Amino acid sequence: MQEFDLQELWGQANDRAEAWYDRLRPDLVATARQKNDSVLQRIRRLVQGELLFSTAAFVGLLFYWQDFHPLFLILMESTILLVMIIAYRYYRRFTSDIEAVPAMNIVASTEAYLNILNTYKTRLVRLSIFLMPVGLIIGFMAGFGLGNKNDFSAFSSSKFWLTTIPALIAIAIPTYYFTLWYYRFFIGSKEKELAAVLERLRQEE
Amino acid sequence: MKKEFQHIIDQHYGILYKIGRAYTQDQADFDDLYQEMLIQLWQSYARFKGNSKLSTFIYRVALNTALTHQRKAKRRVDRPGIDEHFYHLPDNSGGETETNRQREERINLLYQCINELKKEDRAVILLHLEGNSYEEMADILGITVNNIGVRLLRVKKRLQKSLIAKGYARV
Chain U
1 MQEFDLQELW
11 GQANDRAEAW
21 YDRLRPDLVA
31 TARQKNDSVL
41 QRIRRLVQGE
51 LLFSTAAFVG
61 LLFYWQDFHP
71 LFLILMESTI
81 LLVMIIAYRY
91 YRRFTSDIEA
101 VPAMNIVAST
111 EAYLNILNTY
121 KTRLVRLSIF
131 LMPVGLIIGF
141 MAGFGLGNKN
151 DFSAFSSSKF
161 WLTTIPALIA
171 IAIPTYYFTL
181 WYYRFFIGSK
191 EKELAAVLER
201 LRQEE
Chain Y
1 MKKEFQHIID
11 QHYGILYKIG
21 RAYTQDQADF
31 DDLYQEMLIQ
41 LWQSYARFKG
51 NSKLSTFIYR
61 VALNTALTHQ
71 RKAKRRVDRP
81 GIDEHFYHLP
91 DNSGGETETN
101 RQREERINLL
111 YQCINELKKE
121 DRAVILLHLE
131 GNSYEEMADI
141 LGITVNNIGV
151 RLLRVKKRLQ
161 KSLIAKGYAR
171 V
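Residue numbers (the working numbering), protein chains in the order written: chain U, 1 to 205; chain Y, 1 to 171.
Hint data in this document are derived by calculation from the structure and do not stem from the laboratory. In this text, all values refer to a predicted model and were calculated from it rather than measured experimentally. A few of these clues could be false.
Output of the computed footprint for chain U on chain Y, the stretches with three or more beta carbons under 8 Å from beta carbons of chain U [unchecked claim]:
no., stretch
1, 31 to 39
2, 42 to 55
3, 99 to 111
4, 114 to 120
5, 138 to 147
Even for Gly, the Cβ is constructed at its ideal location relative to N, Cα and C.
Go ahead and model the full structure; you've got the sequences and the hints to work with.
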């Protein structure tokens with residue numbers, strides 16, 4: 001096989017590209033303006049979803065302020081606000097990174113891509129571990145508060161905590177695995193493959 | 001922006017097609033990747049400041065999209081003839097000639113062999129076959145010019161071996 005043959009053959013492959021493009025051309029811009037379903041854009045949409053959901057929860061709770069003890073309401077709203085701040089900071093920080101990645105050179109882009117995925121995954125796991133116990137305790141408090149006219153005395157009993165803490169630990173394990181499944185389901189699992197590509201590219205031959 | 005974009009793709013559609021073919025194995029997956037590359041280019045082009053050559057920018061966006069492209073879990077229902085375009089050249093000669101068929105087979109074989117290379121090696125050989133200089137390739141890939149030279153030699157040897165093993169000379 002000579003170099004010339006390969007180069008000539010490659011040139012001939014343009015015939016197909018042209019025929020293909022002729023069919024596609026009339027809808028080109030419409031196709032290009034469709035929803036971007038890349039992994040990074042999915043991450044962006046998931047964070048937007050978190051922001052939207054926590055804002056709705058924050059505003060929604062205010063409508064029921066009379067039903068809750070003021071301290072309890074403050075605790076709930078502060079938690080949601082914290083989630084909103086974390087989600088917003090994350091969103092701001094990564095939006096520009098996500099937009100810049102596709103036009104970087106392959107090594108820099110793959111590196112940035114893996115960093116974004118890694119940060120998102122870490123954040124997702126941390127958030128789930130933090131929110132699960134906090135959410136459950138707040139849920140208990142809401143239940144007790146609403147059921148017993150804001151009587152929170154049950155929280156001072158050791159029996160309550162002796163039952164709750166092991167339950168929280170037991171729930172933490174499936175939550176952790178669920179989070180990893182959720183990540184793989186929505187984001188996919190290209191990381192290992194891309195990390196290998198990056199490593200090989202970095203090796204000076 | 002629409003007309004400008006259309007004009008740019010008119011000039012560079014071959015890049016997208018060839019990258020699409022090198023990184024997919026069937027028509028449905030190719031369609032998905034081609035669309036993904038167009039969408040990514042549309043969005044990235046709005047932020048293109050002209051710091052690099054336009055072709056460099058297009059290669060980067062298209063290759064990055066191809067590298068991170070994930071095959072859809074739910075494939076489209078197979079339609080008869082869906083892969084027709086993928087494997088057959090348009091017949092402009094008024095009838096399929098022997099030469100045309102041979103050419104088709106050779107091109108299919110070439111894509112098949114490129115497809116078997118490692119992902120980063122596919123990028124190296126694609127850029128080389130497209131006529132990019134070592135400097136341009138280094139700029140697109142983010143590796144040194146020396147590394148390009150050594151890498152390219154190795155990839156070419158591998159491709160040659162693979163083409164011979166698949167009977168390229170006999171086609």
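Which hint numbers doesn't this structure obey?
-> Result: no hint breaks.
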